[in-house]
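> For reference, the chains in residue letters:
Protein chains: 2
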Amino acid sequence: MSELETISMHVITSAEEICAVVLAAKSSGQSVGFVPTMGALHEGHLSLVDASLAECDLTVVSIFVNPTQFSPEEDLEKYPRPLQRDLQLLTERGCEIVFVPTAAEMYPEGVESTVEVGSVASPFEGASRPHHFQGVATVVSKLFQVVPADRAYFGRKDYQQALVVVQLIEDFNLPITMRVCPIVREPDGLAMSSRNTYLRPEQRQQASALWQSLRIAEQAHAAGETDVAAIKKKMMQHLNSAGIENVDYIAFVTDGTVQEVETVAGPTVVAIAARLGKSRLIDNHTIG
Amino acid sequence: MSELETISMHVITSAEEICAVVLAAKSSGQSVGFVPTMGALHEGHLSLVDASLAECDLTVVSIFVNPTQFSPEEDLEKYPRPLQRDLQLLTERGCEIVFVPTAAEMYPEGVESTVEVGSVASPFEGASRPHHFQGVATVVSKLFQVVPADRAYFGRKDYQQALVVVQLIEDFNLPITMRVCPIVREPDGLAMSSRNTYLRPEQRQQASALWQSLRIAEQAHAAGETDVAAIKKKMMQHLNSAGIENVDYIAFVTDGTVQEVETVAGPTVVAIAARLGKSRLIDNHTIG
Numbered sequence: 562m563s564e565l566e567t568i569s570m571h572v573i574t575s576a577e578e579i580c581a582v583v584l585a586a587k588s589s590g591q592s593v594g595f596v597p598t599m600g601a602l603h604e605g606h607l608s609l610v611d612a613s614l615a616e617c618d619l620t621v622v623s624i625f626v627n628p629t630q631f632s633p634e635e636d637l638e639k640y641p642r643p644l645q646r647d648l649q650l651l652t653e654r655g656c657e658i659v660f661v662p663t664a665a666e667m668y669p670e671g672v673e674s675t676v677e678v679g680s681v682a683s684p685f686e687g688a689s690r691p692h693h694f695q696g697v698a699t700v701v702s703k704l705f706q707v708v709p710a711d712r713a714y715f716g717r718k719d720y721q722q723a724l725v726v727v728q729l730i731e732d733f734n735l736p737i738t739m740r741v742c743p744i745v746r747e748p749d750g751l752a753m754s755s756r757n758t759y760l761r762p763e764q765r766q767q768a769s770a771l772w773q774s775l776r777i778a779e780q781a782h783a784a785g786e787t788d789v790a791a792i793k794k795k796m797m798q799h800l801n802s803a804g805i806e807n808v809d810y811i812a813f814v815t816d817g818t819v820q821e822v823e824t825v826a827g828p829t830v831v832a833i834a835a836r837l838g839k840s841r842l843i844d845n846h847t848i849g
Numbered sequence: 562m563s564e565l566e567t568i569s570m571h572v573i574t575s576a577e578e579i580c581a582v583v584l585a586a587k588s589s590g591q592s593v594g595f596v597p598t599m600g601a602l603h604e605g606h607l608s609l610v611d612a613s614l615a616e617c618d619l620t621v622v623s624i625f626v627n628p629t630q631f632s633p634e635e636d637l638e639k640y641p642r643p644l645q646r647d648l649q650l651l652t653e654r655g656c657e658i659v660f661v662p663t664a665a666e667m668y669p670e671g672v673e674s675t676v677e678v679g680s681v682a683s684p685f686e687g688a689s690r691p692h693h694f695q696g697v698a699t700v701v702s703k704l705f706q707v708v709p710a711d712r713a714y715f716g717r718k719d720y721q722q723a724l725v726v727v728q729l730i731e732d733f734n735l736p737i738t739m740r741v742c743p744i745v746r747e748p749d750g751l752a753m754s755s756r757n758t759y760l761r762p763e764q765r766q767q768a769s770a771l772w773q774s775l776r777i778a779e780q781a782h783a784a785g786e787t788d789v790a791a792i793k794k795k796m797m798q799h800l801n802s803a804g805i806e807n808v809d810y811i812a813f814v815t816d817g818t819v820q821e822v823e824t825v826a827g828p829t830v831v832a833i834a835a836r837l838g839k840s841r842l843i844d845n846h847t848i849g
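Heads up: the sequence lines are chains Y and C, in that order. The numbering of the first sequence is our numbering, which starts it at 562 and goes up by one. The numbering of the second sequence is our numbering, which starts it at 562 and goes up by one.
The set of hints was computed from the structure by calculation and includes no laboratory data. If you're wondering where the values come from, they're calculated on a predicted model, not measured in any experiment. Glycine included, C-beta positions come from ideal geometry on N, C-alpha and C. Wrong hints could be hidden among the right ones.
As the list claims (entries may be wrong) - To give an idea of the interface, some chain Y residues facing chain C are shown, with a C-beta separation under 8 angstroms as derived from the structure:
#	residue
1	Ser674
2	Val678
3	Ser680
4	Met753
Claimed, not checked - Here are a few chain C residues that sit away from chain Y, every Cβ distance over 10 angstroms (derived from the structure):
#	residue
5	His571
6	Phe625
7	Pro643
8	Gln645
9	Gly671
10	Ser689
11	Arg690
12	Gly696
13	Arg761
14	Arg765
Given the sequences, and given the hints that come with them, work out the whole structure.
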């Protein structure tokens, strides 16, 4: 902990301790906001922190690279963990309490239980990443007990993840209110993501084609096109022309669901996942 | 609700309302005990109520025949639901707050999430009743959110169920303390169970052989026998001689686990399940 001592912030590693801090705040009438993260913070995360700070008396950020939401072949080992920088960013933003548990604190020996949230977790990210949402739902279930906040803040970039957490909250009667905050983008439109750091310079340039393809969908719809197949074709042409061949999915779903539509007839989320080299990027945009 | 109005007791059917009542009690410094039941109350349940009343300022009993813990071929439809009698018994015992949700209150349309607790749920009851413990763990997870009590009271007759709930509490960091209370027996030793009412008179007589077989195990061990196979043989002989042929399992496990042993070398739970006609009875006893 010596490297952290220069930062004026409460860094708590014990589940019992963070729980006591949150309960004490609530007992004294304070509202508590919670921003669960895997660290490697960017302006997307920090916008969630800002939203919580604006709405709640106390804001708790957790930094935990949750192993159970990674598949064996995924990037758990190389996932960035710039802890000191993260704490510095949170301090500058005015967040005073950060929960940084070890894997052993979150998953003591003998832990085996898991949560399945059902059909909302099946398609798209759930299909591409088996067990991913089981890992997300399980760790979020645990974090919501350990940090019994009034409100939780998630980013809309992970659209399906937000739906999974909403389903979890509703199905298990969890006493927390979900806030889903807008996507924060780089100047060229690329959605901010901790995984963007994996991109080599030429891939980083290509990556903006994801956002461009979502804008193409928006513009096509604004020009009167409602046929999803036709819009997808335009998007795919653009992605291919930018050198992105490995598209996991382009999906048009009714906003707030994972229900695919064939015609844009109301608020519709266009979601996309593509691979650039070893990196996998996702993005989405609401049209209609 | 008119039939309930003669009973001086708070019968609450809304999850939101019971949660508010419990939180208000806790805010005012009261400790809260929770006894989740499926109704058809007997002295076993009432001993849990007594334990909670003795230890907690406020006791909440829930009565909910949870559909998700029954298999399609099981006795959900015919499970006894003597609600008025249950409320009368609770009133006499001094319990003032009963939560009686409908299935729609606990499982609104769209609910899909489930909890799996892992290996503790696999053998014995888990093997005989697929999905049973998934249903138990899921409804207990929900009930613990809706009734955020300090302590939960379960009976030791459902030994493996108690282990499942302990695992659930530990794995999901649930802020509740588990109390497992002793088995309550009829004068002839039959463990009290709401399902005993299914037994026809001759089956009811036979049923005491379960307890007798557990006593035989205890006595054999007291006389120096430690070999589990030898003790099981004596138990089975007794059960067969009483006309009980359909034994699901006799298991010797280290107390507090579902780990089977071949030799009694310390505190050991002897668990038994058998079918008498259409009824399935379980019991257990600790020896060693």
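> The structure should be examined with respect to each hint, and the outcome stated for every one.
Consistency of the hints with the structure:
1. Interface hint status for Ser674 (chain Y): upheld, as the beta-carbon distance to the closest one in chain C is roughly 4 angstroms, under 8 angstroms.
2. Taking 8 angstroms as the C-beta contact cut-off toward chain C, the hint placing Val678 (chain Y) at the interface holds, the least distance being around 5 angstroms.
3. Restraint check, Ser680 (chain Y) versus chain C: the minimum CB separation of about 6 angstroms is within 8 angstroms; hint holds.
4. Residue-level restraint check for Met753 (chain Y) is violated (minimum Cβ-Cβ distance to chain C is 29 angstroms; threshold 8 angstroms).
5. At the 10 angstroms boundary, the C-beta of His571 (chain C) stays outside the reach of chain Y, the nearest C-beta of that chain being 20 angstroms off.
6. Listed as outside the interface, Phe625 (chain C) is consistent with that label: its C-beta sits roughly 13 angstroms from the nearest C-beta of chain Y, beyond the 10 angstroms cut-off.
7. Every beta carbon of chain Y lies more than 10 angstroms from that of Pro643 (chain C), the smallest distance being close to 27 angstroms; the non-interface claim holds.
8. Residue-level check passed: Gln645 (chain C) sits 27 angstroms from the nearest beta carbon of chain Y, beyond 10 angstroms.
9. Not every beta carbon of chain Y lies more than 10 angstroms from that of Gly671 (chain C), the smallest distance being close to 7 angstroms; the non-interface claim is violated.
10. With 10 angstroms as the threshold on Cβ separation, the claim that Ser689 (chain C) sits away from chain Y holds: the shortest Cβ distance comes to roughly 20 angstroms.
11. Under the 10 angstroms C-beta cut-off, the non-interface status given to Arg690 (chain C) relative to chain Y holds; the minimum distance is some 18 angstroms.
12. Every CB of chain Y is more than 10 angstroms from the CB of Gly696 (chain C) (nearest about 13 angstroms), matching its label as outside the interface.
13. With a minimum CB-CB distance of about 40 angstroms to chain Y, Arg761 (chain C) clears the 10 angstroms threshold, and the non-interface call stands.
14. Every Cβ of chain Y is farther than 10 angstroms from the Cβ of Arg765 (chain C); the closest lies at roughly 38 angstroms, confirming the non-interface assignment.
Going through the hint list in order, the structure does not satisfy hints 4 and 9.
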